[in-house]
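Model the full assembly from the supplied sequences, consistent with the hints where possible.
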Amino acid sequence: MALRAALGNKRALSGFISQLYFNSSHGRVCASTVLAAQQRSNSTSSKISVNFDQSTGVAVMHLQSPPVNSLSLDFLTEFCISLEKLEMDKSCRGLIITSGVPKVFSAGLDILEMYGKSPESCGEFWKAVQEMWLKLYSSNMVIVAAINGSSPAGGCLMSLTCDYRIMADNPRYSIGLNETQLGIVAPFWFKDAMANTVGHRNTEMSLALGLLYSPTEALKIGLVDQIVPEDKLMTSAEQMMGKWLAIPAHARQITKSMMRKPTIDKLTSKREADVQNFVSFITKDAIQKSLRTYLEMLKKRKAS
Amino acid sequence: MALRAALGNKRALSGFISQLYFNSSHGRVCASTVLAAQQRSNSTSSKISVNFDQSTGVAVMHLQSPPVNSLSLDFLTEFCISLEKLEMDKSCRGLIITSGVPKVFSAGLDILEMYGKSPESCGEFWKAVQEMWLKLYSSNMVIVAAINGSSPAGGCLMSLTCDYRIMADNPRYSIGLNETQLGIVAPFWFKDAMANTVGHRNTEMSLALGLLYSPTEALKIGLVDQIVPEDKLMTSAEQMMGKWLAIPAHARQITKSMMRKPTIDKLTSKREADVQNFVSFITKDAIQKSLRTYLEMLKKRKAS
Amino acid sequence: MALRAALGNKRALSGFISQLYFNSSHGRVCASTVLAAQQRSNSTSSKISVNFDQSTGVAVMHLQSPPVNSLSLDFLTEFCISLEKLEMDKSCRGLIITSGVPKVFSAGLDILEMYGKSPESCGEFWKAVQEMWLKLYSSNMVIVAAINGSSPAGGCLMSLTCDYRIMADNPRYSIGLNETQLGIVAPFWFKDAMANTVGHRNTEMSLALGLLYSPTEALKIGLVDQIVPEDKLMTSAEQMMGKWLAIPAHARQITKSMMRKPTIDKLTSKREADVQNFVSFITKDAIQKSLRTYLEMLKKRKAS
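Residue numbers (this note's numbering), protein chains in the order written: chain A, 1 to 304; chain B, 1 to 304; chain C, 1 to 304.
Worth flagging that the hints you see were computed from the coordinates, not collected in a lab. Hints should not be assumed to be uniformly reliable.
Any copy, or any two copies together, can satisfy a pair, since identical chains are not distinguished.
When the alpha-carbon atoms are kept at most 35 Å apart in a straight line, the in silico DSBU-like pairs for lysine-lysine are as follows [claimed, not checked]:
| id | residue 1 | residue 2 |
| --- | --- | --- |
| 1 | Lys135 | Lys232 |
| 2 | Lys284 | Lys232 |
| 3 | Lys90 | Lys289 |
| 4 | Lys90 | Lys270 |
| 5 | Lys127 | Lys85 |
| 6 | Lys220 | Lys191 |
| 7 | Lys85 | Lys302 |
| 8 | Lys300 | Lys90 |
| 9 | Lys266 | Lys299 |
| 10 | Lys85 | Lys289 |
| 11 | Lys266 | Lys220 |
| 12 | Lys243 | Lys117 |
| 13 | Lys220 | Lys261 |
| 14 | Lys243 | Lys299 |
| 15 | Lys261 | Lys117 |
| 16 | Lys270 | Lys302 |
| 17 | Lys117 | Lys90 |
| 18 | Lys284 | Lys266 |
| 19 | Lys90 | Lys299 |
| 20 | Lys90 | Lys261 |
| 21 | Lys261 | Lys85 |
| 22 | Lys191 | Lys232 |
| 23 | Lys302 | Lys266 |
| 24 | Lys90 | Lys191 |
| 25 | Lys261 | Lys191 |
| 26 | Lys90 | Lys284 |
| 27 | Lys299 | Lys85 |
| 28 | Lys261 | Lys135 |
| 29 | Lys289 | Lys302 |
| 30 | Lys117 | Lys266 |
Since the model is a prediction, treat every value here as computed from it, not as a measurement.
Dropping the structure here:
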């Protein structure tokens with residue numbers, strides 16, 4: 001059903017592209033959220049703003065790298081440093097990740113880090129992507145994704161690592177691992193995280209076709225756990241965080257590790273090979289050509 | 001959906017507690033069932049009554065250890081002996097497990113076997129829990145759980161080992177692996193049995209939050225296969241047993257083994273380590289303190 | 001729900017038998033389809049007709065071995081040769097498999113290849129079944145099953161190997177791995193393919209009871225991806241094929257391999273042992289007796 005719907009209205013590709021570049025003026029709700037965040041914020045880097053509330057033990061992280069929160073090497077580095085700081089702060093028990101950029105949660109991996117770059121640069125970039133995934137998926141904190149915009153590819157991956165996913169119920173937003181649409185392939189650990197969430201068959205069809213799902217479709221297959229009106233998103237995320245934090249931390253953490261360790265160990269044990277595999281794939285002439293075609297299409301669309 | 005419902009009405013913890021201790025006078029339906037059972041029964045121990053009907057090849061096992069059918073060492077020992085007897089009787093092809101105690105199927109592992117006990121006692125207890133699970137999950141008989149009351153933690157585990165689960169459609173009953181609510185952790189083989197039933201994601205969220213599901217919610221995620229009005233429970237269980245027994249036994253047994261052997265082998269090969277792990281966890285000061293707090297809360301509630 | 005429905009109306013067994021032998025006069029729709037196929041066909045063996053359209057890159061394979069497209073050794077051999085030819089033709093990117101025989105997609109493995117045969121013959125037959133499965137499940141082509149009739153046992157297995165399954169919405173048709181109903185056992189790789197499609201629990205119950213599902217029930221558990229009115233089946237299959245072929249082939253193929261390789265490797269590494277296992281099982285006196293009983297029942301039914 002979701003498949004036919006997604007394919008039928010051609011959201012799959014055109015929706016993704018249209019969300020990559022758009023008017024970047026901040027919307028009313030987002031701007032006020034960011035303002036409030038900054039008033040209490042105790043850590044702000046250029047691309048990520050972290051607002052930690054000691055009284056609740058919950059941090060809110062706003063991704064704010066316009067126009068689309070692309071996961072560049074710089075972004076990933078800052079993200080991992082921020083995450084590590086929170087992880088080491090014993091008083092921080094929960095983290096809500098959301099976007100400070102309107103209409104997009106994260107557009108995923110920055111294609112410019114993969115196009116026309118040296119194998120060394122590509123390898124360094126890929127290690128940073130792995131690092132983000134490993135840190136998030138194994139975090140001792142409760143992590144809730146408050147998905148307030150589109151979340152294709154790496155943006156979806158980031159969501160998949162969280163303990164709970166709430167998405168704004170806006171039909172213009174979509175979420176999914178759509179790599180094949182670009183001629184590239186989601187690696188095994190993207191696949192594993194998705195299969196752990198929506199099962200083998202949904203993952204197989206979703207990855208093969210590079211499907212992007214509307215919030216309603218995503219809820220139906222379990223790609224997100226809850227959808228709420230956009231203006232209720234942060235309140236709902238905070239309420240849900242309260243439920244998770246009510247569970248004795250030690251028992252919850254051991255349980256999380258039991259569920260996720262086999263998947264984490266798989267990447268850890270194959271990490272170097274996975275980097276080599278990515279580098280040799282992405283530097284292929286045919287793949288570079290695909291990426292160029294895609295980038296040119298984006299530029300044209302932006303210009304028109 | 002189930003999560004929000006379960007959390008929203010605070011059934012998760014309070015429901016569990018209220019079901020642990022309650023007025024133990026037998027209800028009308030249960031009392032008459034037990035009476036009928038005893039008329040045909042050919043094996044009755046103090047805690048378990050087995051009623052084997054030669055004409056159908058089906059035995060009915062009533063758990064009757066008031067107030068809440070806690071899985072104590074004595075209970076587990078008797079249970080395993082009863083099960084073994086049936087397993088060795090070639091004329092017994094099916095087993096229906098139900099409760100002879102009103103409102104509760106089984107409240108799960110007896111906390112008194114884990115609190116203030118020597119490591120040796122804890123280890124002996126844990127081996128008995130493993131034994132119950134291994135015997136049930138690998139049984140050659142068709143086993144149907146007729147869940148006529150709440151079934152948290154070990155009670156849910158017992159249900160998960162059966163071939164088919166029917167639950168009385170009474171919204172006051174709940175079922176789930178709620179260990180984290182008590183500050184303890186469901187071991188990997190509880191997790192494996194649940195994941196084999198409701199999938200990875202439902203298991204992850206369910207175990208992390210220690211969720212207890214109403215019959216309707218349990219049906220929705222597949223934690224039970226069918227819900228029926230309480231007074232139709234045994235009839236439905238018997239009808240379903242008939243369907244299962246119509247399948248050539250040899251083919252059904254090989255199929256069951258093919259589905260379950262990897263999960264069984266995993267515990268068998270790690271059995272001793274799992275005992276050590278349990279003992280070192282449960283005898284920790286912090287965990288003992290959690291259990292004491294919990295027991296005191298139960299006492300207060302019982303007294304009030 | 002599906003279980004109760006399937007069992008309740010006794011479709012499980014009687015439906016299967018009634019579909020095995022029936023009036024073999026071709027229906028209106030099927031006859032015209034076959035006619036059209038033959039006009040453009042570039043390969044026709046006695047049991048399989050292949051019609052490859054260069055302009056679309058899509059081949060349509062009609063199974064046409066009346067009365068029920070049984071998977072005999074001859075059929076399987078021809079099938080694998082046809083498949084290999086298409087696989088080696090770089091211009092062929094997609095394959096639609098459908099039946100040229102009315103009311104049945106395929107009745108599954110030919111029992112006559114397993115009854116009263118030498119161990120060597122049984123072994124040769126089983127290798128051919130493995131070969132079909134391995135070739136289909138690992139194909140680089142997009143394969144869509146257009147299921148225009150009943151599809152029990154091996155017919156269901158064939159469907160399970162495809163990338164997408166569309167079934168004619170005719171309540172007289174059914175699909176499932178019903179081996180246990182005949183006293184035989186679906187081997188582990190049948191089970192693996194089914195679990196990859198509908199999950200562990202659906203597979204466990206389905207195989208234990210040998211369930212056959214109506215199109216509606218099959219859609220509900222994900223055993224088929226889509227159901228459409230019978231006269232829209234081929235058009236829908238072609239439309240869906242278009243969606244799959246729009247994805248860059250290289251990325252789609254790597255993704256498919258990533259999803260399926262562990263399951264394929266499992267059979268490949270145990271292939272010889274699986275043959276031995278099948279031969280020693282199927283040549284058992286008790287199993288041969290089951291098959292004879294079954295064959296006699298079919299004959300009686302045919303005669304009456």
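Between lysine 300 and lysine 90, at a C-alpha cutoff of 35 Å, which is it: within one copy, between copies, both, or neither?
between (49 Å within a copy, 33 Å between copies)
Copy assignment of lysine 243 with lysine 299, given that the CA separation must stay at most 35 Å
between (45 Å within a copy, 25 Å between copies)
With 35 Å as the alpha-carbon cut-off, assign the pair lysine 299 and lysine 85 to within, between, both or neither.
Close neither inside one copy (37 Å) nor across copies (42 Å); limit 35 Å.
Quick one: lysine 289 to lysine 302, C-alpha cut-off 35 Å, is that within a copy, between copies, both, or neither?
So lysine 289 and lysine 302 pass the 35 Å test inside one copy only (20 Å; across, 62 Å).
Reference check for the pair lysine 270 and lysine 302, CA-CA at most 35 Å: within, between, both, or neither?
This pair counts as neither: shortest intra-copy Cα distance 39 Å, inter-copy 54 Å.
Same-copy or cross-copy closeness of lysine 90 to lysine 299 [CA-CA at most 35 Å]
between (45 Å within a copy, 33 Å between copies)
Given identical chains, is lysine 261 near lysine 85, meaning Cα to Cα at most 35 Å, within a copy, between copies, both, or neither?
within (22 Å within a copy, 39 Å between copies)
At most 35 Å between alpha carbons: which applies to lysine 127 and lysine 85, within, between, both or neither?
For lysine 127 and lysine 85, the Cα distance is within 35 Å only inside one copy (19 Å; across copies 42 Å).
At most 35 Å between C-alpha atoms: does lysine 90 with lysine 191 qualify within a copy, between copies, both, or neither?
both (32 Å within a copy, 28 Å between copies)
State whether the alpha carbon distance between lysine 266 and lysine 299 is at most 35 Å within one copy, between copies, both, or neither.
For lysine 266 and lysine 299, neither the intra-copy (38 Å) nor the inter-copy (46 Å) Cα distance is at most 35 Å.
Is it within a copy, between copies, both, or neither that the alpha carbon of lysine 266 lies no farther than 35 Å from that of lysine 220?
Both. Shortest intra-copy (29 Å) and inter-copy (32 Å) distances satisfy the 35 Å Cα cut-off.
First find the shortest C-alpha distance between lysine 261 and lysine 191 inside one copy, then the shortest across copies, and answer within, between, both or neither for a cut-off of 35 Å.
both (15 Å within a copy, 13 Å between copies)
Of the numbered hints listed earlier, those contradicted by the structure are 2, 7, 9, 16, 23 and 27.
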